[in-house]
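Here the protein sequences line up with chains E and W, keeping their order. Per the working numbering, the first sequence starts with residue 31, numbered consecutively. Per the working numbering, the second sequence starts with residue 31, numbered consecutively.
Errors might be hidden in some of the hints.
If several chains are the same, the list does not tell them apart, and a pair holds so long as it fits within one copy or across any two.
[As the list claims (entries may be wrong)] Each computed SDA-like pair below joins lysine to any residue, with the alpha-carbon atoms no more than 25 angstroms apart: (1) Lys324 <-> Lys584; (2) Lys565 <-> Arg480; (3) Lys461 <-> Leu40; (4) Lys236 <-> Leu205; (5) Lys35 <-> Ile493; (6) Lys236 <-> Ala598; (7) Lys594 <-> Thr476; (8) Lys425 <-> Arg152; (9) Lys425 <-> Leu587; (10) Lys565 <-> Val445.
No lab work stands behind these hints: they were computed from the structure.
2 protein chains.
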Amino acid sequence: MTLAKYFPILTWGRDYNRTALSNDLVAALIVTIMLIPQSLAYALLAGLPPEAGLYASIVPIMLYAVFGTSRALAVGPVAVVSLMTAAALSNIAEQGTMGYAVAALSLAALSGVMLLAMGLFRLGFVANFLSHPVIAGFITASGIIIAASQLKHILGIDAQGHNLLELIVSIGEHLSQTNWITALIGILATGFLFWVRKGLKPLLTKLGVGSTLTGVLVKTGPVAVVVATTAAVWVFGLADQGVNIVGEVPQSLPPLTLPSFSPDLLGQLLLPAFLISIIGFVESISVAQTLAAKKRQRIDPDQELIGLGAANIGASLTGGFPVTGGFSRSVVNFDAGAETPAAGAFTAIGLAIAALALTPLIYFLPKATLAATIIVAVLSLVDFSVLKRSWNYSKADFAAVLATILMTLALGVEVGVSAGVGLSILLHLYKSSKPHIAEVGQVPGTEHYRNVLRHDVITDPSIVTLRVDESLYFANARYLEDKIQNRVAKDKNIRHVILQCAAVNEVDLSALESLEAINERLREMGVQLHLSEVKGPVMDRLKRAHFLEDMTGKVFLSQFMAVKTLQAIPNNGTLNPSEIL
Amino acid sequence: MTLAKYFPILTWGRDYNRTALSNDLVAALIVTIMLIPQSLAYALLAGLPPEAGLYASIVPIMLYAVFGTSRALAVGPVAVVSLMTAAALSNIAEQGTMGYAVAALSLAALSGVMLLAMGLFRLGFVANFLSHPVIAGFITASGIIIAASQLKHILGIDAQGHNLLELIVSIGEHLSQTNWITALIGILATGFLFWVRKGLKPLLTKLGVGSTLTGVLVKTGPVAVVVATTAAVWVFGLADQGVNIVGEVPQSLPPLTLPSFSPDLLGQLLLPAFLISIIGFVESISVAQTLAAKKRQRIDPDQELIGLGAANIGASLTGGFPVTGGFSRSVVNFDAGAETPAAGAFTAIGLAIAALALTPLIYFLPKATLAATIIVAVLSLVDFSVLKRSWNYSKADFAAVLATILMTLALGVEVGVSAGVGLSILLHLYKSSKPHIAEVGQVPGTEHYRNVLRHDVITDPSIVTLRVDESLYFANARYLEDKIQNRVAKDKNIRHVILQCAAVNEVDLSALESLEAINERLREMGVQLHLSEVKGPVMDRLKRAHFLEDMTGKVFLSQFMAVKTLQAIPNNGTLNPSEIL
Numbered sequence: 031m032t033l034a035k036y037f038p039i040l041t042w043g044r045d046y047n048r049t050a051l052s053n054d055l056v057a058a059l060i061v062t063i064m065l066i067p068q069s070l071a072y073a074l075l076a077g078l079p080p081e082a083g084l085y086a087s088i089v090p091i092m093l094y095a096v097f098g099t100s101r102a103l104a105v106g107p108v109a110v111v112s113l114m115t116a117a118a119l120s121n122i123a124e125q126g127t128m129g130y131a132v133a134a135l136s137l138a139a140l141s142g143v144m145l146l147a148m149g150l151f152r153l154g155f156v157a158n159f160l161s162h163p164v165i166a167g168f169i170t171a172s173g174i175i176i177a178a179s180q181l182k183h184i185l186g187i188d189a190q191g192h193n194l195l196e197l198i199v200s201i202g203e204h205l206s207q208t209n210w211i212t213a214l215i216g217i218l219a220t221g222f223l224f225w226v227r228k229g230l231k232p233l234l235t236k237l238g239v240g241s242t243l244t245g246v247l248v249k250t251g252p253v254a255v256v257v258a259t260t261a262a263v264w265v266f267g268l269a270d271q272g273v274n275i276v277g278e279v280p281q282s283l284p285p286l287t288l289p290s291f292s293p294d295l296l297g298q299l300l301l302p303a304f305l306i307s308i309i310g311f312v313e314s315i316s317v318a319q320t321l322a323a324k325k326r327q328r329i330d331p332d333q334e335l336i337g338l339g340a341a342n343i344g345a346s347l348t349g350g351f352p353v354t355g356g357f358s359r360s361v362v363n364f365d366a367g368a369e370t371p372a373a374g375a376f377t378a379i380g381l382a383i384a385a386l387a388l389t390p391l392i393y394f395l396p397k398a399t400l401a402a403t404i405i406v407a408v409l410s411l412v413d414f415s416v417l418k419r420s421w422n423y424s425k426a427d428f429a430a431v432l433a434t435i436l437m438t439l440a441l442g443v444e445v446g447v448s449a450g451v452g453l454s455i456l457l458h459l460y461k462s463s464k465p466h467i468a469e470v471g472q473v474p475g476t477e478h479y480r481n482v483l484r485h486d487v488i489t490d491p492s493i494v495t496l497r498v499d500e501s502l503y504f505a506n507a508r509y510l511e512d513k514i515q516n517r518v519a520k521d522k523n524i525r526h527v528i529l530q531c532a533a534v535n536e537v538d539l540s541a542l543e544s545l546e547a548i549n550e551r552l553r554e555m556g557v558q559l560h561l562s563e564v565k566g567p568v569m570d571r572l573k574r575a576h577f578l579e580d581m582t583g584k585v586f587l588s589q590f591m592a593v594k595t596l597q598a599i600p601n602n603g604t605l606n607p608s609e610i611l
Numbered sequence: 031m032t033l034a035k036y037f038p039i040l041t042w043g044r045d046y047n048r049t050a051l052s053n054d055l056v057a058a059l060i061v062t063i064m065l066i067p068q069s070l071a072y073a074l075l076a077g078l079p080p081e082a083g084l085y086a087s088i089v090p091i092m093l094y095a096v097f098g099t100s101r102a103l104a105v106g107p108v109a110v111v112s113l114m115t116a117a118a119l120s121n122i123a124e125q126g127t128m129g130y131a132v133a134a135l136s137l138a139a140l141s142g143v144m145l146l147a148m149g150l151f152r153l154g155f156v157a158n159f160l161s162h163p164v165i166a167g168f169i170t171a172s173g174i175i176i177a178a179s180q181l182k183h184i185l186g187i188d189a190q191g192h193n194l195l196e197l198i199v200s201i202g203e204h205l206s207q208t209n210w211i212t213a214l215i216g217i218l219a220t221g222f223l224f225w226v227r228k229g230l231k232p233l234l235t236k237l238g239v240g241s242t243l244t245g246v247l248v249k250t251g252p253v254a255v256v257v258a259t260t261a262a263v264w265v266f267g268l269a270d271q272g273v274n275i276v277g278e279v280p281q282s283l284p285p286l287t288l289p290s291f292s293p294d295l296l297g298q299l300l301l302p303a304f305l306i307s308i309i310g311f312v313e314s315i316s317v318a319q320t321l322a323a324k325k326r327q328r329i330d331p332d333q334e335l336i337g338l339g340a341a342n343i344g345a346s347l348t349g350g351f352p353v354t355g356g357f358s359r360s361v362v363n364f365d366a367g368a369e370t371p372a373a374g375a376f377t378a379i380g381l382a383i384a385a386l387a388l389t390p391l392i393y394f395l396p397k398a399t400l401a402a403t404i405i406v407a408v409l410s411l412v413d414f415s416v417l418k419r420s421w422n423y424s425k426a427d428f429a430a431v432l433a434t435i436l437m438t439l440a441l442g443v444e445v446g447v448s449a450g451v452g453l454s455i456l457l458h459l460y461k462s463s464k465p466h467i468a469e470v471g472q473v474p475g476t477e478h479y480r481n482v483l484r485h486d487v488i489t490d491p492s493i494v495t496l497r498v499d500e501s502l503y504f505a506n507a508r509y510l511e512d513k514i515q516n517r518v519a520k521d522k523n524i525r526h527v528i529l530q531c532a533a534v535n536e537v538d539l540s541a542l543e544s545l546e547a548i549n550e551r552l553r554e555m556g557v558q559l560h561l562s563e564v565k566g567p568v569m570d571r572l573k574r575a576h577f578l579e580d581m582t583g584k585v586f587l588s589q590f591m592a593v594k595t596l597q598a599i600p601n602n603g604t605l606n607p608s609e610i611l
């Protein structure tokens, strides 16, 4: 039982049959073809040699197949995490050095350990603090930064930077170095890939090509560009004209590697590793849940953390860098008919064969081509519609998106995402610190009580009922004190205050002490405090704290009963505890 | 109108009469006598020369009288803020230097500007994030640190430190330097003051002394000790025996001073000034509200911020240091019959006279006596009962208290309070990120729906109703997705999911997108999503977002109507939008 929980492979492996095998093999073939250029490109984006991208796609996929709960998720390097890797390592080592590669391994190891720990201790809820608008803003801004960072490859120049400003300045400074042949290849490749995305599908459909074939043809676009530009460089000897090529890539299975255990290095990588873990997890679980729902399958978020943790530790031991479940590749895997994680394992075998046998073929592959595939892939992530959507729906969400986008573009990925998370938490606390508190009265002829400002209701000058539309906790406890004091201090007719608590899901110790203070202050003013419609769990809490004994008034099951009882008291207007029904 | 809002003095000043005047004068006299030793002592605690304590009690009180809304609050140096001042300045300058005094002025100025800004921009809610347990833990731990920091004066040794560990170690190292005459004075003074607090009152009452006179006699305890020990040092020439005395104090009205505007210094003081502002404000407003309630008066928190801001700016311009409304002095002021802030102004005049005329009298006052008054005052703040109280009431609150106390004792006031605030926010978010979600069924014979686990209720195998007891926002949006997916994926009979939303006070953009995802995933499984009992404001939001059009099911006014309608649908089990009632 427990073993099957931690090794989902035992569950699906038991029922594995020939149909599933053939479906998984077909899916694996398609995904492998798609992944070869993508892996190389994301390694480039992370600042690592191209083979690291292949290595990061082999063992991690296999480990995820053992530990993951999603049937269709494809794990490997993805755009945003690769960008975050480059940003994290930029202050630590020079790209192309041994130190940089080791730092990448350490980042993957640290992120893997964090994910594993979060999974084992069921701390996945931490990822919930990334609100959807913050994620959307972050992905959009990251997409822009990634595209800008690839312009240097398209133009064949040196340029650096980890935010949009640095990149623009650096590209501007080096623009005169532009290699026009490289630029021609880059621009043609980018244009072609955009056309494949936008123009090819309608064209093929118009020509009467079946939709399955159309889908396959569209997906082979990147491979076609890779083949065409590699051939062009080889045939015309363009490498001698200054076109940057991938060059020699070792023909090898993933090497065994060890991350660094230097406390200094790990300390520097702690925050980036945490952010990479959280963002990678959020991206991965969203895809996994979307795909699982289509087949009424279940995803276990805590087990997913374990699966991704294992994958990252695997990456760190086999020459990779941080990985996660990717959106586009998982969708392709699912659409191609993958039934179990075995499809991932077969993909890994396909990529291992590629790493062993096919690397000489990409010797002449221009880096501009890889940059073009990245640019086209990430620009599809850029979506400013979230700004409009959040503006219409909620200004607080809009502020969080805007802050995330601007901070990410201006100051980089780590500051951007932290600012977004911080701001959304602050805004949430701010909103709940000033909860909606309505004064209510009786709707004539009913037992319902509604807002006096919105409805024609019956009120009693000696009784004030306030309905609090929020749990009571430290952030709003004092606000309630102010509200009640202000309401009561100005009206000397008031003898009773009733708090209607139907929407109060919690009363923490601060709020309890505020209630005690309110009770005490009302007592000084000769006013009794009553509660109505208190929820069971809240009532249990209050009983433990002896507040109910000190309260001047009593707790009523319903608001209607409260008012009826209080109105029945003779003229002096206070309820004697012994008179309680 | 607006002028009176920002200058409360215009409101109470208009009705000022002879009765109020005589009451205020009496209260001022009593508070002045009490404040003289207290001001000197807190200056010592803050690491400043004794006269700074007097100066910090003159102009600030006057300014608060103009701008403050509390009738009885007495503003000046208080224990916790003085400790925080010493902690903030410890890394910046050496005690006793000019730089230290200027830094104290700058801290007061910065804190004053922050308070003023928070008041003008109505940002007082920031103080709400200090939960009651955190404040209680912080005050207790601060009291212990303050008492420990005064031991060096009691023993006549050099010792330093800004947390309990440092202090204990430092006192241990210097213990051999103990001056036994100083120690005798210190211990006798402390013992006598404790006896005044605990033993004198019962004794006087037993002797038949009236309660008013008893109160006055108890309050003059510190003055008596000051007079007795000063006389002893003078008569026996103890200063020559190594007893540390206050020494020469300038006979002067508060000097005009200017804080430093060095950006470096202000940058270092930014965080401490913020913490001092918040903690000072919380202490002050709690006292003000308690006292106001006794006379059915109103306190305006935002105007209080302005009043305290003005007081601190005043302190920075007249040789003082950060001030706030103090608990004990305000209670004395109130009990002595103060009717308006004019009592504060008269106190200020009294203290000005003391600063001008009485300072030669305290030349021989031993510092050990001032330390004794501080120790006795702050030990009454130490109260570990909050630990037991919070343990019984809520483990989350207990964790926050414990963390605050331990971190404050071990690492100092700034780390302590920040840790407490951070932890209570995290725990609150954690709790609301896993909200109570109950599956409900119909209570037989009623229209009520209750938890299936707690009640014998009627359910329908094709309909699942979930009641969410929390607002839906980013921290719990994904949790709801998981819950629904897990519930529906394992039960193929389900055709309808109803979310009962009576306790949902908000749906933010993240939660909206989760609802959209839930709707989409349920659609894939052939299940319809419905909502019931959605609150008005939430409904308005949802309408703006077009979610309702995309929803596969519909929104019902009540849970009962929802189930009745869905059960009435013929066998295929889905509700056609056109069939909607």
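To see whether the hints hold, each was checked on the structure:
no.	hint	result
1	Lys324 <-> Lys584	between (52 angstroms within a copy, 22 angstroms between copies)
2	Lys565 <-> Arg480	both (19 angstroms within a copy, 12 angstroms between copies)
3	Lys461 <-> Leu40	neither (47 angstroms within a copy, 34 angstroms between copies)
4	Lys236 <-> Leu205	neither (41 angstroms within a copy, 95 angstroms between copies)
5	Lys35 <-> Ile493	neither (57 angstroms within a copy, 29 angstroms between copies)
6	Lys236 <-> Ala598	neither (81 angstroms within a copy, 47 angstroms between copies)
7	Lys594 <-> Thr476	both (13 angstroms within a copy, 22 angstroms between copies)
8	Lys425 <-> Arg152	between (33 angstroms within a copy, 19 angstroms between copies)
9	Lys425 <-> Leu587	neither (37 angstroms within a copy, 28 angstroms between copies)
10	Lys565 <-> Val445	neither (42 angstroms within a copy, 37 angstroms between copies)
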